[in-house]
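Engineer: According to my numbering, the sequence shown holds residues 1175 to 1655 in order.
It is worth saying that the hints were derived from the structure and are not from the lab.
Heads up, the beta-carbon is just placed ideally off N, CA and C, and yes, glycines get one too.
Any given hint could be a false lead.
Calculated pairs, DSBU-like style, for lysine-lysine (alpha carbon to alpha carbon, straight line, at most 35 angstroms) [what the hints assert, rightly or not]: (1) K1465 - K1267; (2) K1563 - K1512; (3) K1512 - K1554; (4) K1436 - K1233; (5) K1436 - K1465; (6) K1370 - K1466; (7) K1648 - K1370; (8) K1578 - K1554; (9) K1436 - K1267; (10) K1554 - K1604; (11) K1581 - K1563; (12) K1604 - K1593; (13) K1504 - K1370; (14) K1534 - K1512; (15) K1252 - K1221; (16) K1389 - K1504; (17) K1648 - K1579; (18) K1275 - K1233; (19) K1370 - K1581; (20) K1215 - K1274; (21) K1581 - K1593; (22) K1275 - K1215; (23) K1267 - K1188; (24) K1504 - K1466; (25) K1579 - K1389; (26) K1252 - K1370; (27) K1534 - K1465; (28) K1563 - K1504; (29) K1215 - K1504; (30) K1534 - K1519; (31) K1233 - K1273.
Derived CB-CB ranges, DEER-like [as the list claims (entries may be wrong)]: (32) E1270 - P1358: 34 to 42 angstroms; (33) I1318 - E1277: 23 to 31 angstroms; (34) Q1268 - E1602: 52 to 60 angstroms; (35) K1215 - P1179: 40 to 48 angstroms; (36) E1363 - P1592: 15 to 23 angstroms.
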Amino acid sequence: TYLSPQVHDILGYKPEEAMVKWTELASDNPINEEGFQRTEKAIKTGKTQAPYELELVHKSGKIVWVEVREVPIVENGKTISIVGALTDITERKQAEEEKKKFEDQLRQAQKMEAVGRLAGSIAHDFNNILTAIIGYSNIMQIRISEDDPLQADVDQILGASQRAAQLTQSLLAFSRQQIIHPRPLRLNEIIVNIEKLLLQLIGEDIELRTMLADKNLTIMADRSQIEQVLMNLVTNARDAMPEGGLLSISTESVELDSHFIKTHGYDIKPGRYCLISVADTGIGMDEETRKKIFEPFFTTKVLGKGTGLGLSIIYGIITQHNGFIDVLSKPGKGTTFKIYLPVIKSSIEETEAETLPPPKGGTETVLVAEDDEVVRTIIKAILDRFGYKVIEAVDGEDAVTLFKKNKIDLVILDVIMPKKNGKMAFDEIKELCPEIKAIFTSGYATDLIDKKGILEEGINFIPKPVSPDDLLRKMREVLDE
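Throw the hints in and build the complete structure from the sequences for me.
Structural biologist: In structure tokens, the structure reads:
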């Protein structure tokens, strides 16, 4: 077999070097088998076959893609040799792979956006219903004695309501529409603080190893959200290792340049990042499954054992934190999730755990503007019970009219209302009384609320469903400022 110097150069060998048969340098990519079959067909038939691509392994170990063109030499009806040419197409294949990754990321983002719009549209009505259920249940708790058997029933109602509220937050989380409270955090401390909880999650037959970077990697993040990401990943790893195994969590500082980001199809900016790797030795997954794992409601678990939202929630949280998540996996070889979060230069403010005071009432006059009658009624019932005088408005326009007629100490405004939304009504009210105090509330997703100009610094906002205690505490906080 004669190989030209150019072929040697493509594969990293000098012409004088002994080299194995070039076809033996093929990787284990299944596409190679199809190419070799064309060569065999050319030999058998004596007819030229269509060009094909091979994935070969360079002398250095890197992957090289070549296009193969072959012409069989036939004498007396028998193929006596084949003349062929190899063309290095590695750069073209890399460009195609980059394009494919970008398109995959775009499709994923579009799916998340579509389902996110659906989640945002149902969140408002769903959260209004939950506000009423939670509110009336709390009133029942107050009205019946502590030893009444009905207390246990009310507790069950409240527990179910809280789970439903968490489901709504999960829907908003994967669509990146959940309200988050980011602040500078040391990543390693988050992992150390929840390590005991993670050990309880995985059980005794799985070994947990943590390998944390020496440096104090500081990220701007919502602690509870990052904890949820870690717990969801660890739970997934546990389920992938039913016979036990090894679970590793590591952190390190990495510098990502534009070439790396483009190659991997990440929608992030170049710079210094904290890399969190969560790896298991479980069953792994095939490429088809890997492509779908971040899709909402996709699950490989049996019916009733999973919602299919766990990894979608992670995707949404990480994206909302200006990061990216990737996954490496092969059947039988385990799975590794890689999370990239921007590193920041900032000091950490040490804060003690806050103890919430019991809710207090008052005698102030409160204007409640809420277009949902059930929610408006329950808010009035709660505030009446705690001594407040309540004036009800059915929409934004009604709120402005009633404010002009009454002496109001505080306005509680739903963000999205007919005729005038909460922000428009508040702006008019503020012109009448610049020092008026206000609280906004809504069950809509954050992107819609933000468009109304609500999520600004210094504006008081409570997301629905809101519990009576949280509302009462917020009211006293605002009134006593």
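Engineer: Against this structure, judge whether each hint is valid.
Structural biologist: Status of each hint after checking the structure:
With a CA separation close to 20 angstroms, the supplied pair K1465 and K1267 stays within the 35 angstroms bound. Annotation: proposed proximity of K1563 to K1512 is violated, straight-line Cα distance about 54 angstroms (limit 35 angstroms). Our distance criterion of 35 angstroms between C-alpha atoms is broken by K1512 and K1554, whose separation comes to about 49 angstroms. Under the criterion of a C-alpha separation no larger than 35 angstroms, the hint pairing K1436 with K1233 is consistent with the structure, at around 26 angstroms.
Taken as a hint, the K1436 and K1465 pair is honoured in the structure, with Cα atoms around 18 angstroms apart against an allowance of 35 angstroms. Between K1370 and K1466, the direct Cα distance comes to roughly 31 angstroms. Compliance with the 35 angstroms bound is thereby established for this hinted pair. Of the supplied pair hints, the one linking K1648 and K1370 holds, its CA atoms being roughly 33 angstroms apart against a limit of 35 angstroms. Simply put, K1578 and K1554 have alpha-carbon atoms about 20 angstroms apart, close enough for the 35 angstroms limit, and the pair holds.
As the CA atoms of K1436 and K1267 are separated by approximately 14 angstroms, the hinted pair is consistent with the 35 angstroms bound. Taken as a hint, the K1554 and K1604 pair is honoured in the structure, with Cα atoms around 23 angstroms apart against an allowance of 35 angstroms. Distance hint between K1581 and K1563 is fulfilled; the C-alpha atoms sit about 11 angstroms from each other, no more than 35 angstroms. Taking the CA atoms of K1604 and K1593, the gap is about 18 angstroms. The hint holds against a cut of 35 angstroms.
Pair hint K1504 plus K1370 holds up; C-alpha atoms about 29 angstroms apart against a cutoff of 35 angstroms. For the hint linking K1534 to K1512, the alpha-carbon distance of about 46 angstroms lies beyond 35 angstroms, and the restraint is violated. Proximity of K1252 to K1221 is assessed by CA-CA distance (about 11 angstroms); at most 35 angstroms being required, the pair is judged to hold. Our distance criterion of 35 angstroms between C-alpha atoms is met by K1389 and K1504, whose separation comes to about 32 angstroms.
Between the alpha carbons of K1648 and K1579 the distance comes to roughly 25 angstroms, so the proposed pair stays at or under 35 angstroms and holds. Distance check on the hinted pair: K1275 and K1233 sit about 27 angstroms apart at the alpha-carbon level, within 35 angstroms; holds. The suggested pairing of K1370 with K1581 is violated, with an alpha-carbon distance near 54 angstroms, which exceeds 35 angstroms. Between K1215 and K1274, the direct Cα distance comes to roughly 31 angstroms. Compliance with the 35 angstroms bound is thereby established for this hinted pair.
Simply put, K1581 and K1593 have alpha-carbon atoms about 23 angstroms apart, close enough for the 35 angstroms limit, and the pair holds. Taken as a hint, the K1275 and K1215 pair is honoured in the structure, with Cα atoms around 34 angstroms apart against an allowance of 35 angstroms. Straight-line distance between C-alpha atoms of K1267 and K1188 comes to about 25 angstroms, which keeps the hinted pair within the 35 angstroms bound. A C-alpha spacing of about 14 angstroms is found between K1504 and K1466, which places the hinted pair at or below 35 angstroms, so the restraint holds.
A threshold of 35 angstroms between alpha carbons decides the hint, and for K1579 with K1389 the separation of about 61 angstroms lies outside it, so the pair is violated. Our distance criterion of 35 angstroms between C-alpha atoms is broken by K1252 and K1370, whose separation comes to about 73 angstroms. Under the criterion of a C-alpha separation no larger than 35 angstroms, the hint pairing K1534 with K1465 is inconsistent with the structure, at around 52 angstroms. Between K1563 and K1504, the direct Cα distance comes to roughly 64 angstroms. Violation of the 35 angstroms bound is thereby established for this hinted pair.
With a CA separation close to 32 angstroms, the supplied pair K1215 and K1504 stays within the 35 angstroms bound. Restraint check for K1534 and K1519: not satisfied, since their Cα atoms lie roughly 40 angstroms apart, outside the 35 angstroms limit. The suggested pairing of K1233 with K1273 holds, with an alpha-carbon distance near 27 angstroms, which does not exceed 35 angstroms. Roughly 41 angstroms separates the CB atoms of E1270 and P1358, a value that falls within the hinted 34 to 42 angstroms.
In this structure, I1318 and E1277 break the distance hint of 23 to 31 angstroms, their C-beta atoms being roughly 59 angstroms apart. Here the CB-CB span from Q1268 to E1602 is close to 59 angstroms, well matched to the stated 52 to 60 angstroms. The given range of 40 to 48 angstroms is broken by K1215 and P1179, whose C-beta atoms sit roughly 29 angstroms from each other. About 47 angstroms separates the C-beta atoms of E1363 and P1592, a value inconsistent with the hinted range of 15 to 23 angstroms.
Going down the numbered hints, you'll see the structure goes against 2, 3, 14, 19, 25, 26, 27, 28, 30, 33, 35 and 36, while the others check out.
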